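In order, the protein sequences belong to chains Y and U.
Here the first sequence stands for residues 10 to 205, where the numbers follow the working numbering.
Here the second sequence stands for residues 132 to 334, where the numbers follow the working numbering.
Incorrect hints may appear among the rest.
[Claimed, not checked] Within a straight-line C-alpha distance of at most 25 Å, the following computed BS3-like cross-link-like pairs (lysine-lysine) qualify:
1) U:200 to U:134
2) Y:187 to U:134
3) U:167 to Y:152
No lab work stands behind these hints, which were simulated from the structure alone.
Bear in mind that the values here come from a model prediction, so they are computed numbers and not experimental data.
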Amino acid sequence: MGKVITEFTISLDGFIAGPNDEVDRIFGWYSSGDTDFPVQSSPMVFKLSRASADLLRESWGALGAIVTGRRDFDVSEAWGGVPPLGVPIFIVTHNIPQEWAKKESPFTFVTDGIESALAQARASAGDKDIGISGTQITQQFLKAGLIDEIRLHLVPVLLGAGIRLFDNLQDENIALEKILVVDAPDVTHLRYHVKK
Amino acid sequence: MGKVTFNMTMSLDGFVAGPNDNPENGLGDGGEGLFKWYFSGDTEVKLSEGTPVLKISKKSAKLLKEGIKGYGAGVWGRKTFDIAHAWGGNPPGSPAFIVTHHVPQEWVKEGSPFIFVTDGVESAIRQAKQAAGEKDVVICTASILQQALKAGLVDEINVDVAPILIGGGVSLFDHLGTGPIELECTRVVEAPNVTHLCYRIIK
């Protein structure tokens with residue numbers, strides 16, 4: 010069975026985007042290296058350091074499905090109609106956006122919660138990993154003890170305000186085990202296993 | 132002239148103590164995990180008579196000893212001073228500048244290692260720099276760091292990241308109320324139960 014993984018680029022002060030969802034201050038490492046990294050199912054090509062490219066290739070190559078939230082879907086404007094990284098994506102929402110509710114829609118909307126979304130993602134991913142995205146969905150997954158691994162791309166900036174990844178955890182104490190630290194140019198990659 | 136640096140242990144979700152931290156509950160609820168790295172290694176380090184003997188990994192010990200060598204003066208907040216019970220009069224570094232509104236009279240005496248500063252963080256750092264000379268001023272309290280960052284007085288941030296999510300408590304980078312502050316990561320040391328990160332503040 011694949012792992013359930015959440016992965017974010019994050020500032021030292023814990024923000025994954027600025028107050029208006031801006032990511033330009035933290036996504037610099039995607040374009041500051043000299044190794045071309047074509048993004049699956051997208052015309053985008055990142056320019057990464059070799060160390061970062063090796064990690065992302067491994068991480069994204071093992072991905073079988075993504076679960077995210079409605080806000081992520083809206084902010085990204087439905088990723089231009091193409092699921093990111095070309096894997097099935099399950100969007101947890103209360104209200105299905107009708108323009109995407111058609112039969113051949115590339116998106117699956119889940120209205121009965123994160124467990125259901127995870128079960129559907131698993132069925133679709135087979136043995137591959139499941140990526141959890143969207144901060145609120147990630148927080149719900151963390152609280153429910155459903156995350157196996159946290160992967161952070163820690164970037165050297167203090168944003169001072171914005172969207173916090175580890176918010177709303179309500180004093181939840183979660184022990185982690187550090188499994189990987191990679192000191193790459195413009196970013197420090199950290200991987201933690203969530204102890205259960 | 133020395134640097135103005137900062138050094139504390141932080142959880143992966145950004146807390147330096149759990150909720151309800153007080154002198155009877157120093158690291159707050161659920162905060163004990165922060166200091167696991169201080170007591171799970173095989174190299175003994177003692178900072179002062181007022182602090183317990185640390186048992187840390189060789190890698191962490193090497194860093195800590197470098198820090199001690201560079202120490203010229205420290206700046207703490209009053210809450211930290213109270214939570215530490217004034218380290219029994221033996222702070223982890225000396226001289227120790229304590230920012231407070233009310234001076235605890237029992238520590239105002241000949242030979243006291245404490246200098247109480249009642250006119251704010253900027254004044255405390257200025258006095259600490261003077262005392263430190265060529266050596267470094269080390270800030271060891273979250274609220275002091277926040278105010279010093281706002282005032283542009285910090286040169287370097289050292290964060291020891293503990294592998295734990297606490298979910299609440301004393302947030303290290305709260306109340307910054309500034310625009311983005313650019314950093315340069317100058318050192319990453321992976322050690323047992325902790326990741327030591329060092330950042331230079333780009334001015």
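Here is how each hint holds up against the structure:
1. U:200 to U:134: With Cα atoms ~13 Å apart, residue 200 of chain U and residue 134 of chain U stay inside 25 Å; holds.
2. Y:187 to U:134: With Cα atoms ~30 Å apart, residue 187 of chain Y and residue 134 of chain U exceed 25 Å; violated.
3. U:167 to Y:152: holds (23 Å)
This entry does not satisfy hint 2, going by the numbered hints stated previously; all others are met.
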